[in-house]
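Residue numbers (our numbering), protein chains in the order written: chain G, 1 to 489; chain Z, 490 to 1010.
Calculated directly from the structure, the hints in this document are not laboratory data. All C-beta atoms in this analysis are idealised placements derived from N, C-alpha and C, irrespective of residue type, glycine included. Be aware that one or more of the hints could be misleading.
Unchecked claim - Straight line, CA to CA, 27 angstroms or less: simulated DSS-like cross-link-like pairs of lysine-lysine:
| hint | chain 1 | residue 1 | chain 2 | residue 2 |
| --- | --- | --- | --- | --- |
| 1 | G | Lys41 | G | Lys106 |
| 2 | G | Lys440 | Z | Lys592 |
| 3 | G | Lys440 | Z | Lys653 |
| 4 | Z | Lys974 | Z | Lys592 |
| 5 | G | Lys360 | G | Lys440 |
| 6 | G | Lys106 | G | Lys165 |
Claimed, not checked - To spell it out: a stretch of chain Z is covered by chain G in this simulated footprint if at least three of its residues, at any positions, have a beta carbon under 8 angstroms from a beta carbon of chain G; those stretches are:
| hint | stretch |
| --- | --- |
| 7 | 558-565 |
| 8 | 651-660 |
| 9 | 792-805 |
| 10 | 915-923 |
For reference, the chains in residue letters:
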Amino acid sequence: MPLANFIPTADDYLRYLPEIILTVVGVVIMFLEAVGGERRKPALGWLAGAGLLAAIWGSVVALGVGGTGFQNMVIVDGFATFFRILVLVIGLLTIVSSTQYLDREKANAGEFHALLLFSIAGQCVMASANELIMVFIGLEISSIASYILAGYLRDDRRNNESALKYFLLGSFATAFLLYGVAWVYGLTGSTNLAEVRRVLMTPESAPNLVLMGTAAALMFVGFAFKVSAAPFQVWAPDVYQGAPAPVSAFMSTGPKAAAFAVFLRVFITAFGPIATRWEPFVWGSAIATMIVGNFAALTQTNIKRLLAYSSIAHAGYVLVAVTAHSEIGTAAAMFYLAAYAFMQIGAFAVVTWFSRQGEKFVNVDDLAGLGERQPMVAAMLTIFLLSLIGVPLTGGFFGKFYIFRAALDSNLVWLTVIGLLNSAVAAYYYLRLIVVMYMKEPGAATENIGPVSAGLRVAILGSALATLVLGIFPSLVLDFAGRSAALVK
Amino acid sequence: MSLLDLVIFLPLIGFLALLLVPRGAPGMSRTAALGISLVIFLVSLGLLGPYWFAQPTGYTFSTDIPWISTPTIRYHVGLDGLSLWLILLTTLLTPICIVISWKYIQNRVKEYFAFLLLLEFGLIGVFVALDLFLFYVFWEITLVPMYFLIGIWGHDRRIYAAVKFFLYTMAGSVLMLAAMIYLYNRSGSFDFTIIQSMIQTGRLSLSWEEQILLFLAFFIAFAIKVPLFPLHTWLPDAHVEAPTAGSVMLASVMLKMGCYGLIRFCLPLFPNAARSCSGWINALAITGIIYGALVAMVQPNMKKLVAYSSVSHLGFVVLGIFSFTQQGMDGAVYQMLNHGISTGGLFIMVGYLYERRHSLEIKSFGGVATPAPNLSTVFLITTLASIGLPLLNNFIGEFLVLQGAATVNFSWTVFAAIGVILSAVYMLWMYQRVIYGRATEDLAHHMPDLSGREWAAMLPLLVLMVWMGSFSQSFLPPISAQTAKILEQSKVGVDFRVSVKNPAPVLSSAVENKETGSAAR
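One chain only, chain G, in its complex shape (with noise of 0.2 angstroms):
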């Protein structure tokens, strides 16, 4: 091939446009974090959103001359606008709920902004990737950014503890990741998923099933480590309970909205045709998670711990979606990982703003006589829980109706009975926070809170309306997931 052919066009670069404008803002936050005074640090938390921001513009800019870009290397079609947009929005969420956190701990720093920008802008290219190695790419990009984040708070132990559990078991799962994928390279002759589509679909071609099974399995288990999928979920409850709170809020929505984006573009698109293989494995494993995550939460005491077994069940949930492996699954699981990200971030937001300075108050208990004290705060938190238990007008709901529909429409009969009966299940972890706060008598530890910062109050009741919105209105974000959906062209 002519070299000609190897220099991007400028499409190519357009279709590239998030994550150009990310990387570029994250550099200059660095840059001017080095060279700016101390009195210029909250500026640049106002950069990082104005870039994320701008990276959104960019998305659908990219979406608007969508296709293949830099030789097959990237795709951009709904599916990947849809998880780019999310993760953009989760990443602005993030920032306008962790300004008065930074400044209680006195960590308020460029890098922590910039940390998150290179974070998300390997989620997007990971939503976007069209190639085993990009995921790869995407996968590491993403992750290194958020060991560092999981121990932000340098000085504090439980920080440490969390970075470094996330940071070795995250590496073995990138490990598990990379052999498989050299394993499909060296069995299919190809990285990109739409030429080991075509390869496994040929007759004549299709490599030996039990190595391909391998090939996929090595990469489910990278994929189930991402989204803390059972029996790979042990690292999140130690990781979210010990990272800072807004940091946790983002671990459990956007590096997981986008490696779920990846399993699905993988899964479908180029494993689709040994889907019944994998289905009965994705299937034991969304059952083992329901449980493991809903009967674990049961037992919790530390708020930040049950939002981070909630968070495996949740996953769970939305492995039934992928077991689907069908459109309207894949449309669900788009969906659902919006809802949910709504209302996780809304309940970590109450939990960052709730348990003040290192992190003291954050055991169930504490929240007692909430409702009473700051009624509005409650409120949010309350619709919050609903959502995540999957009560009718909220997003939560109608997330869980959907991927139980797509469940059924596969006939997963089985999976969707002991999904909803896990579901039940969950109502009752989810409500002992509804009892503390309304039905206890008020302690101590929701006397004298100071204020809701703007910030967080714009997060929080940024994702209380988004969560109601999902809830009324779903045909708003569901048509546009639907329509994304279809991954094999």
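Let chain G serve as the given structure and place chain Z on it in line with the hints.
Quick look at chain Z alone, frame taken from chain G:
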């Protein structure tokens, strides 16, 4: 936008409006809540219009607009004779509940009344939703305010009761949700009227196993709500711990959601399964009637006694429904309303006694008649209504149910009638221990007679007890018109199954024999 939509959404608007009332103004919240609920009641009376002189065959006041595009979910609501009275019962009881809570609720007043209005919104929605998804949405919405009403304003073990209530109902309803989705995937619609006509005309034919499993998924959700023995264990806890208004709404309207669901959805959608299961369902209903009565008899706590009497009374409703006779069904629906009025009244009276003595134990009363003659009289009328004295409302309902059951299987009637006798025993025994005897000094001192406000709350119920007991013809025609239709629909399925393809010949012939047998008799 029809009158019905107004009745549905006014409570929601009221709920939102109440949230805007400042926290420091409890009086304003009370007045606003009462005003709104009275307006809703008056507006809802307009729904009687089409039913005044004639009985429309289809749904009246129906609205059918798209809500969610994929999957197709529509806001489809409509009114018929089955839902008409239940809605009026809801809109009548809400202001009554606000009146009886006027003084009792002193803490977080605004939220309390707001939740009552939200509950009203959910309840009305449940009775008029004709889209399965919409029905489920309203069904679940009712859980939230009731959970808070019990959990925040209830008695000592309120948290346990509230969580138990929520989880029980949730566990039942998730299976119903699965069944609804399954029906959607098979039929391509959530619209009840469409699915029902598809099943009737045979365009959607479900296999025998599918019918049974889907029926059970719906049935268990409804049976928990009714509650049918042995799924009733949440009810005594919820009733005893709830504040008076919560108990009233729970007993009078929320339990009817389950009965309503059985009639509206279970029978027309799964006629074959419903008929073939009717044997053991009726056995459970009769067990509930007798068991509830026996347990009520030994209760030392008045509220618990009334709660177990509900288990017993609701057994009659289920027996009436699953007798598959015109009288039985009419009686069941009538009994739903009767129970709403008389048991609601009983809970209110028990609430009045509680507010005076701060105790629900029967033994802390005695001799109430001397200091409070009016209260005793009102309590007596309510008690007699609940027992089923002729010329009072419960008599009509129970009689119709027993008559309907007798035409199918006389032994059912015999056993169920034992429940009627037992109800007289436990109610009168309680009345005697509470009202008669010698009043202690302390009790006489703390037992003022009914106040004007308390009279105002009970008077509409007393009028209805007599009216519904003496002139049942003012209420029955819309009910009969609708139950006849549902009975017809639940028969069509049997014919269809026998004639087209028959996976379970043994069961169907049993049903047929029963039919011809009853006809011969």
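Tested hints:
Pair hint Lys41 (chain G) plus Lys106 (chain G) holds up; C-alpha atoms about 12 angstroms apart against a cutoff of 27 angstroms. For the hint linking Lys440 (chain G) to Lys592 (chain Z), the alpha-carbon distance of about 23 angstroms falls within 27 angstroms, and the restraint holds. Straight-line distance between C-alpha atoms of Lys440 (chain G) and Lys653 (chain Z) comes to about 17 angstroms, which keeps the hinted pair within the 27 angstroms bound. With a C-alpha separation of about 45 angstroms, the suggested pair Lys974 (chain Z) and Lys592 (chain Z) falls outside the 27 angstroms cut-off, and the hint is violated.
At most 27 angstroms may separate the alpha-carbon atoms for a hinted pair to count; Lys360 (chain G) and Lys440 (chain G) meet this at roughly 20 angstroms. A distance of roughly 24 angstroms separates the Cα atoms of Lys106 (chain G) and Lys165 (chain G); the hinted pair therefore holds under the 27 angstroms criterion. Counting residues of the stretch 558-565 of chain Z whose beta carbon lies closer than 8 angstroms to any beta carbon of chain G gives 3, which meets the minimum of three for the stated coverage. For the stretch 651-660 of chain Z, the assignment as covered by chain G holds, since 6 residues bring a beta-carbon within under 8 angstroms of that chain's beta-carbons and 3 suffice.
Under the rule that three or more residues need a Cβ within less than 8 angstroms of chain G, the assignment of the stretch 792-805 of chain Z is violated, with 0 such residues. Chain G is given as covering the stretch 915-923 of chain Z, and this is violated because 0 residues of the stretch bring a CB closer than 8 angstroms to a CB of that chain, at least three being needed.
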